[in-house]
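Trainee: Each chain is listed here by its residues.
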Amino acid sequence: MRIVLGLARAMGADRLLDVRSAHVDGCLYHGQVSLDFAERLVTGGARVAIPTTLNVGALDLLHPELYRGDREAGERGRRLMDAYVSLGCRPSWTCAPYQLPERPSFGEHVAWAESNAIVFANSVLGARTERYGDFIDVCAAITGRAPDAGLHRAENRRGQIVFRMSGVPERLLRDDVLFPVLGHLIGARTGTMVPVVQGLPLTTTEDQLKALGAGTASSGSVGLFHAVGVTPEAPTLEAALGGRGPDREIEVTTRDLVRVRDSLSTGTSSPLRAVSIGTPHASLAEFEQLIRLLGGSRVKAGVGFFVSTGRHILRQIEERGWLEVLAQAGVSVVTDTCTYVTPIIPPGRGAVMTNSAKWAHYAPANIGAQVLFASSAECVRSAVLGTIWRDPELWPDD
Amino acid sequence: MTEDRADGHTLVPGRASGAAVVLEEPLSFWGGFDPVTGAVVDPSHPQAGAVLTDRVLIMPSGRGSSSSSSVVAEAIRRGTGPRAILLRHPDPILAVGAMVAAELYGRSCPVVVLGAGEYGALGEGEVEVEVEAGPDRAVIRTRR
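Protein sequences appear in the order of chains A and B.
Under numbering that gives the first Met the number 0, the first residue of the first sequence is numbered 0, with each subsequent residue one higher.
Under numbering that gives the first Met the number 0, the first residue of the second sequence is numbered 0, with each subsequent residue one higher.
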């Protein structure tokens, strides 16, 4: 409670409000401090007071053999995961808690950590959470309270900077590859404002919004965006802007997008070492798309292919018989963690291809990988061919 | 030598002093800072390689991952972190990291938010900064 109050003071909140659920990110090991904090709570007899899900940990507890890191660090990662479960948190181990059936409803106050989950809860679900992080997440879960400040308050949810998509060709607007790139662009240009995207197709899917949000929250500090006609607080541009004029307007061009796309790659000419998708965790629809793109072919021997997902999605793909299909195709499914926070991808020469701007942004520093950002179709076809393949039709004016 | 004084808003109280290090762009501590070496490791940051240990860190805001609280707290625990953090925009994620380090280890790293004018005046030349952050208001003294 002392930390919740300290945060309330820091944010200038004069009251606390009740939160209905929490999503805790502190279960990923970042050093001794992670264990010191969680084990102090366990020793003190703390329990969470509201439904609380857990983000990824350092290990895939269902497939521990995938872990290639230092044994002691692995043990500490597991001890931390155990500590959070004994506080009463649900062992969901996913960065996409919004894919669970009991997700927050419109207008509901929650205390979520994990930057991509925060932006999804606020933007796509219309739930209300501030950008919480490690420690404060579980403090809010234990107290059931959070400061009445930031994105919990209507006046801070008004869009301020408009990104216009009218100059981007229709074909690109409908392709999955646009969304992580656009997200990365918006995050880098938005600063601390709330961005509004105008001109996305009304058919934009939740998975596309997930990729957009994850991009904005890794290149910037975005906790909420509006997409006119697509997200619930933006039926119109006027509504998204709260009836006021925008502070800034930016015309997005294909050239800007191509430049951002290129900045997401560090290893364009290397041989192909592996493919990693599922950042944020792959949904059922994304698995369906993967199976369609594979079309019965097999990943080339020597190329690793990893999809990160949550346990609840794993169960669903197992029931549908897709897990077997993927295993036959040479695809490894990783749960409970993610391939850019822990050493799973086998070492070797060459680039790792990904369709995730977030993975591309963090993997070079985190796990020392050379990265090649590409579309899902480019990732799958390259894995099958065993060599990097680019779709010449994908990017206009390239 | 000239001495200037600026007032700020306290996010995390405490007292500290040290040489300033000014980051022109926001940094995500998680994935962007190594708590073992105390250096900025984000290759896309214009000041990659800068060492923050024992400095008064001045930057516009935090950025990106919500895991940054842990990395800030771990750096303070190890003694590789900055002595104080001065921001232009409030950043709860960094503030919580500093609060937890104070709770667990009794080590203080004050975090203060400054207005645009005060913030802009800080980052010029070699500066020694003294931070005195009370429960609400903070006083920043700079010597150059």
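Because the hints were derived from the structure by calculation, they are not lab data.
In this text, a Cβ means the ideal position worked out from N, Cα and C, and glycines have one as well.
Any given hint could turn out to be false.
[What the hints assert, rightly or not] Anything over 12 Å on all C-beta distances counts as not near chain B; from chain A, calculated: (1) Met10; (2) Gly30; (3) Pro168; (4) Ala238; (5) Glu248; (6) Thr252; (7) Arg254; (8) Arg297; (9) Gln327.
[Stated by the list, open to error] Estimated spans, in silico, between C-beta atoms of each pair: (10) Ala47/B with Arg163/A: 27 to 35 Å; (11) Arg136/B with Leu34/A: 49 to 57 Å; (12) Ser16/B with Glu205/A: 21 to 29 Å; (13) Ala47/B with Val41/A: 35 to 43 Å; (14) Pro50/A with Arg140/B: 45 to 53 Å; (15) Val50/B with Pro90/A: 50 to 58 Å; (16) Gln327/A with His88/B: 29 to 37 Å; (17) Glu38/A with Gly48/B: 33 to 41 Å; (18) Pro100/A with Arg4/B: 53 to 61 Å; (19) Glu74/A with Ala47/B: 26 to 34 Å; (20) Arg4/B with Asn155/A: 41 to 49 Å.
[Said to hold, decoys possible] Over 10 Å on every C-beta distance to chain A, these chain B residues come out as not near it, computed from the model: (21) Gln46; (22) Ala49; (23) Pro91; (24) Ala115.
Trainee: For Pro91/B, is the shortest CB-to-CB distance to chain A above 10 Å, so the non-interface label stands?
Mentor: violated (6 Å)
Trainee: Grab the minimum beta-carbon distance between Arg254/A and chain B and tell me whether it stays above 12 Å.
Mentor: holds (20 Å)
Trainee: Hint says 27 to 35 Å; check whether the CB-CB distance for Ala47/B and Arg163/A agrees.
Mentor: 33 Å Cβ-Cβ, so the 27 to 35 Å window holds.
Trainee: Is 21 to 29 Å respected by the C-beta to C-beta distance linking Ser16/B and Glu205/A?
Mentor: The hint (21 to 29 Å, Cβ to Cβ) is violated, given that Ser16/B and Glu205/A are roughly 50 Å apart.
Trainee: Was Pro168/A rightly flagged as not at the interface, with every chain B Cβ beyond 12 Å?
Mentor: With a cut-off of 12 Å, Pro168/A remains clear of chain B, as the shortest Cβ separation is near 28 Å.
Trainee: When you take the CB atoms of Arg4/B and Asn155/A, is the distance between them in 41 to 49 Å?
Mentor: violated (31 Å)
Trainee: For the pair Glu74/A and Ala47/B, does the Cβ-Cβ distance stay inside 26 to 34 Å?
Mentor: At 32 Å between Cβs, range holds.
Trainee: Given a hinted range of 53 to 61 Å, is it respected by the beta-carbon distance of Pro100/A and Arg4/B?
Mentor: holds (56 Å)
Trainee: Should the label of Thr252/A as a non-interface residue stand, given a Cβ cut-off of 12 Å to chain B?
Mentor: Per Cβ check, Thr252/A is outside 12 Å of chain B; nearest 21 Å; holds.
Trainee: Test the statement that Gly30/A is away from the interface with chain B: the closest C-beta pair must be farther apart than 12 Å.
Mentor: Non-interface label fails for Gly30/A: nearest chain B Cβ at 4 Å, not farther than 12 Å.
Trainee: Go ahead and decide if the range 29 to 37 Å is satisfied by the Cβ distance of Gln327/A to His88/B.
Mentor: violated (51 Å)
Trainee: Far enough from chain B: is every CB of that chain over 12 Å from the CB of Met10/A?
Mentor: violated (6 Å)
Consistency note: the structure conflicts with the earlier hints numbered 1, 2, 11, 12, 15, 16, 20, 23.
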